[in-house]
Structure formats: structure tokens, C-alpha cells
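Trainee: Listed below, chain by chain, are the residues.
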Amino acid sequence: MTSEMREITYRQALNEALAEELERDPNVFLMGEEVAEYNGAYKVSQGLLERFGPKRIIDTPISENGFAGLGVGAAMVGLRPIIEFMTFSFSFVAFDQVVNNAPNMFTMSGGQFNIPITFRGPNGPAHQLGATHSHATECLYANVPGLKVCAPATPRDAKGLLKTAVRDNNPVLVLESELLYSSKGMIEPAEIELLIPLGQAEIKREGSDVTVICYAQTVPLALTVAQQLEEEDISVEVLDLRSIKPLDERAIYGSVAKTHRVVIVEQDRPFCGVGAEVCYRIQKNIFDELDGPIARVSQEDVPMPYNERLEHAVLPNAEKLIAAVKKVCYA
Amino acid sequence: MPELQMPKLSDTMTEGTLVAWKKKKGEKVAAGEVLAEIETDKATMEWESPEDGTLTEIYVDEGGKVEVGQRIAFIGEPGESGPAEKQPEAKKDEPKTAKQPQAETEKPASAETKEKETAPPQEKAVEAGVPPARTQPTRLPPQTEEARVKASPVARRLAGELGVDLGTIQGTGPDGRITENDVRAASKSARAVDGPAQPPPRKPPAAIKPAPGSRIQLSGMRKIIAERLVASKAPIPHFYLNIDLDAGPLVAARAELKAAGEESDTAKISVNDFVLKASVDAAVRVPRVNAAFDQDAIILYEDVDLAVAVAIEDGLVTPVIRAAQKKPLREISETMKDLAHRARHKRMKPEEFQGGTFTVSNLGGYGIDNFSAVINPPQGFILSVGAIRKKPVIDDCDQIVVGNRLEIGMSCDHRVIDGALGAEYLKELRRLLENPALLMV
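Going down the list, the sequences are from chains A and B.
Here my numbering is used: position 21 in the first sequence is 21, and no number is missing along the way.
Just add 1000 to the spot in the second sequence (first one is 1) and you have my numbering.
To be clear, the hints were calculated from the coordinates, so they are not data collected in a lab.
Quick caveat, the model's predicted, so the values are computed rather than measured.
Warning: the hint list may mix true and false statements.
[What the hints assert, rightly or not] Heads up, simulated BS3-like pairs for lysine-lysine below, C-alpha to C-alpha not over 27 Å straight-line: (1) A/Lys326 - B/Lys1150; (2) B/Lys1268 - B/Lys1327; (3) B/Lys1188 - A/Lys258; (4) B/Lys1188 - A/Lys327; (5) B/Lys1024 - B/Lys1346.
[Unchecked claim] FRET-style restraints, in silico, Cβ to Cβ: (6) B/Gly1069 - A/Asp301: 38 to 44 Å; (7) A/Glu7 - B/Ala1185: 43 to 49 Å; (8) A/Gly111 - B/Gly1069: 52 to 58 Å; (9) A/Glu319 - B/Gln1005: 51 to 57 Å; (10) B/Arg1148 - A/Ser208: 26 to 32 Å.
We put the beta carbon where it would ideally sit given N, CA and C, even for glycine.
Generate the whole structure from the sequences, applying the supplied hints.
Mentor: Here you go:
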């Protein structure tokens, strides 16, 4: 299989996933701002209008609550909508639709309506977008029962998870990363159907001294730091969660039982962040495996500054991660 | 009305055995009346009721062993019963091995228990970290409980698996926390010491058949003895001085006192009493030996608090004759007899066998000629007294005559007492013992 592997971008991978699912199932459609005529604000839906026509690739007005709600309604009558938010910072306009309508319909209707909807789009801080456009929403949505949340870091994971999300009979959020759209990675040939189940983490790099738990944008950061620390004889295992919810606890405990030391590096904010939950579960379930307190590296607990230097200071970065790794390794 | 808890009857007491109840359930008690007999790590003591009332509940049966602070009885109005909370069970011998990791199961109840066990009240840790106060040099600093060993969870588990005692490891983590690597290193070096050349056998438990025998669980006292002696011999740089002195005058003086009147108290003054008195008087004349080492200072004690080793069933205790320099020979003799008697029957109060500025250990009665005792920390030295023996000696006229000889050894903490100082003390001791009249004035 490896000989046939090819290299594509994260953006291309998402595009392939969309095209394959639109092709496979006529009930699938894509809706959002600029997804059709403009080929997507980040060109993820490049060529899809031409290929699938305006009934299935639908441009909307700037009204997230409107088209997100429309998507929920479409899902109730049997379609499989893919709703693109130009950024998940704008999903807050549709908070009621995403948090109240989509995940609760199934139980509140007594099981009459499945909501097989996919919400997708870039999530998390990018570069100098300011406080209102830099939100990392994974911890907010993972907090809601009935929502599944994944955050792929590589082209392969992006394609495999998005395809799985579209096929899921419940609301799934695929949180992409603006900063990763142009990143490249190896992936199976297009003929092979790539489906990556939700709730499966992946060890992106093996190590023995410390487990760095990461997802989305912090995966490349963790891999860079792991490379750097190898020169200092610290062996870092990089565990990419891929799915925030469901969470792959088995993979986490397996890795921690091997290394006994944990740093969680996340792109969201510290208070009630994803790392807080992961940290709690580790200490609760495998306390005896720990060799020291668990460290977290996240954003600082402030609104995101526009100023480039300040933004760097607020975001998780290599210096902070290295310091945290050394601390838990007593190095 | 109060719930009564296992009292802390000595500084080192962590648990107590309820030997006997002196009141029955339902019986009236007055404050000050003896309620029970409790065995601590060193003695069995009578325990008085702190309250007037009726003994309405007894939570711990005779023979039960519970930790200090656990409730043992309830005193209330007649018919009143204690609070209905769950009764703490008498302490079981819990295995100290760490639990196996449980990946996806949780046991909140046991986790809570564990937390309680491993987290002592804050003040204990603080207390243990503070060096003993030096403001009252006449009393030894109180012995504090050993602070909880700080170790990471995996270090604890590994230590259990590898059979490494966490107490022996110096942690390299923050605040001395013992880490996984510390335990592995300790285990490795322990194995290196045990058998350098031999590869470890695959199944040691099956290969080695233990010799037939019985395993005697350590009593509280034996545990304390073990801890105290390791705490002495390991860190204290011992050195040893020995003298051999003419005990002829001593034997004569003792005989005279005995002959003076069978009924009088003086008849009961023993050779050992003379040695005790001489050891005290010599310390008064060479006061720098009456001292202890304390981190960055040497403490010089004003009083000579003489500790005397007394063998009792299953161990020994060291009752203390306080301010012995103020007591004449007869009083030392009487005090000693009383303390020894009560020690043998475990009827001593804790303060009677704690402290002491130095110790005298006499194995002469067992036929030992000379030996080197282990210092009782934080004391500066201990005297090892042998038996008086008839030996050929060369007298002043170069004649070989029959002499009575007594050998005394002195084990010193070199940080406190140098060779010359120890020698000076022994010289004084010899002068006093060879001229026993000096001890009677």
C-alpha cells in the first residue's frame, strides 16, 4: 500500500471527501457562505458546483442561524446536509441550532428524527484574526451531549473523518484548521475508500519518556518539539486525539502507562478546556501510572490579541511546550 | 457528651491496643476515674476518663488495636447512644503493595480511603520539617513523626513491585519527590549490592526454600527499637573508648554498706548505682560531654538527665533519672529501683522514658566483660558497663596480686565528642569509681 501512497494537501483531502460522499449518496448536499460560485472561502469546495450542480452545492446569505437551522430541518426529512461555517467563530450566531436543535431532536422527538448533519469549517486561532475570529470551539461543543466532535490534523485524518461524519446518523462537527489547509501529507490512493472511525486516537510518533497529547493545530507543534527534544535525549510520544468526543481513553491510558508522564497541548483556552477533561480522566483512572503532575499548554486565558507578538505570547508555542515537557520529566 | 478517641499517650505512639476496659458498658464514670488500660508502643498505661457520665458505647473490644484518634468509646447520659455513623474497624494489617493499574474501572470508595490514608494533616508535615527547638536546652526536642514520603504514584507502585523501601530513597523531584527513575535506580543499585556477579535467578521464590521457622510480628516497641537504632548507627559517626579500672574499693564500699545493716536502705545500693552516680558526677565535672548534635549546632544541656537501659520482656526501655546531678547516691539508687520495677511491668508514664542526655547500659549482670553499645540519638554518648572480674594485676610494689577489675566502654558521637574530651570524661569516671567515697559526699 505504501508504494501507492500519494501526497496531497489537507484542503484537497477535504475536497475529495466531499466529492466522494456527494457522489455516493444523492441525499448529501453542501450548504454555506461562498461554497458554490466562489468555490469556498478556503477553496475546500473547489469544482463541486460544476460537478454536482446548484441543487446540491448551495450558496447562502450571511445568516448562520438560518442555514444551520435549515440544515437541521433537511436532516429531519431524510437528507444528509453538510453545513459549512466560514469559520466556527461564526457558528456562535447559530448556537441555538447547533447546541439546542441538532443534538436534542432525536431524544426530544422520542427517537422519531435522526439528525444526520455535518457541521464543518475552520476552527481555532489562525494568524492575526483578532479576538472575535479566533475561537477554538471544541471544548464548547464537546460539552454538549448529543454532539460528536473531531479535529483532524493531517490530510489523511481530514478525509477519513469527514467521510465518517457525513455517514453518521447524528450531528458531527468536523473542526478543520485554517493554518493546516495548505499542509501536505501522505494518503491512500483515491480508489481506496478511506474511513477513519470517530473515537480513535493515533500515535503520530512513538516515544518512551513522555506522552504529549494533542489534536489539530497542536499536532505539528508537538511533532516539531518531539524532534527537537530527541537531541536532548528526551523521547516524546505524540498522541493525536483526532476525536475530542468520543474520546479514545484506551489509547491515552495505553500511552501514559508506557511513559508515566503527560503534557496536554491544546489550541483552546485553559479554563474547562479539552485538556482539563483529559487530565481529570487520566488521574482518575490510572493514577498509579503517573510519575508527576500532568501539565497543560493551552492559550492564555485572555481575549485573543490582534498584535502579532501578543498573539504569539497567548498561543501555545514550542517554548511553552518544551518547558512543560521538561518539567514533567524532571529534566 | 463526648466521643472518646484513642489518646496519644507518647510522642511516638501511632496506634494503641485496648488491653482492658475497667468500666462496663452502661456503668457510671467520673472524670479522673480509670476507664481502660491501653498499651502504647512502649508501655501499658491506665487511662482516665476525661468526663463525668455513663459509658454508653464501647467501640473497641479488649485486645483491639486502633489508630490514635479513632473513636473507642462514648460517654453520655444513661441510655444515650453514640452517633450512628459507621463504626471504624480495628486496624487490619493492610498489605502495603500498590494497587495494579485499573485502566477503565473506577472505585471511588477505595480511592477516597486511600486519599485519607496517604494525606496526613498539614501540621504534621510542617512540624516534621522544623528543626527541634533550641530554646529549652534542658529537655530534648520532641520526637516528631516521620513525615510522609513524597513519591509519585508510579514510583509508589514500582517500589511495591520491586521491593524497594521508599523511605530509603532520596527523591530528585521537586521538594524531594521520589520519581520513577529514582526507584529504578535504587532497585538497580540494591541488586548490584546483593549479588554483583550473579545474574538474577528466574524464579527466586521457588528456587530458595526458606528454613523452617516462625515469623514473629514486630511489637510496637520492637519497631521503635529498630527505627531508633538504625537512626543511630547509620548516620552517627560512632567511635569507641575503653577503660579498665580498679573496682576493688568499689567492691569494698559496697560490702561495707551491706554489712552496715541488712534492714537499712543503704544495704540495697548496688555496684550499678555507684556507676550511675559516678557517670553523672563525671559529666558535671566534664560538662561538654552532656551534649547533643543538632544539625548546625551542639546543644549543651544544663541538667544531667541520665537514661538507663533496662531489659524487659521482648526488648528494652531507657527510663530517665531527671536532673540526676541534684540527687545523692541513695536517691539515685531508689529512683532507679522504682523505674526499673515499673519498666519491667510496663507501668511507666511516657515522659519517664523519653529524653535523657546520655545513657548507661550495664550488661555486667549477664557476665559480659566489655561491649560497645549503640548511641541513643540524639544523645552524645553511651556507656557500656561490664562485669567486675577478679584478675591478676601488678600493684604499686610490682607484685602480682588479685584485683577486681571493671571494664567500661564509651561510644561517642564524634560530631559532639572528640577523643580527648571522651578520654577526659573517662579519666574523671575512673577517679570517682576508684575512690567511691567521693560518690557518697
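Trainee: Look at each hint and say if it fits the structure.
Mentor: How the hints compare with the structure:
1. A/Lys326 - B/Lys1150: holds, 20 Å
2. B/Lys1268 - B/Lys1327: holds, 17 Å
3. B/Lys1188 - A/Lys258: Answer holds: B/Lys1188 to A/Lys258 is near 20 Å, not above 27 Å.
4. B/Lys1188 - A/Lys327: holds, 25 Å
5. B/Lys1024 - B/Lys1346: Within the cut-off at roughly 24 Å; holds.
6. B/Gly1069 - A/Asp301: 38 to 44 Å: holds, 42 Å
7. A/Glu7 - B/Ala1185: 43 to 49 Å: Roughly 45 Å apart at Cβ, these two residues keep to the hinted range, so it holds.
8. A/Gly111 - B/Gly1069: 52 to 58 Å: Because 55 Å falls inside the window, the suggested range holds.
9. A/Glu319 - B/Gln1005: 51 to 57 Å: holds, 53 Å
10. B/Arg1148 - A/Ser208: 26 to 32 Å: holds, 30 Å
In summary, the structure agrees with every hint in the numbered list given earlier.
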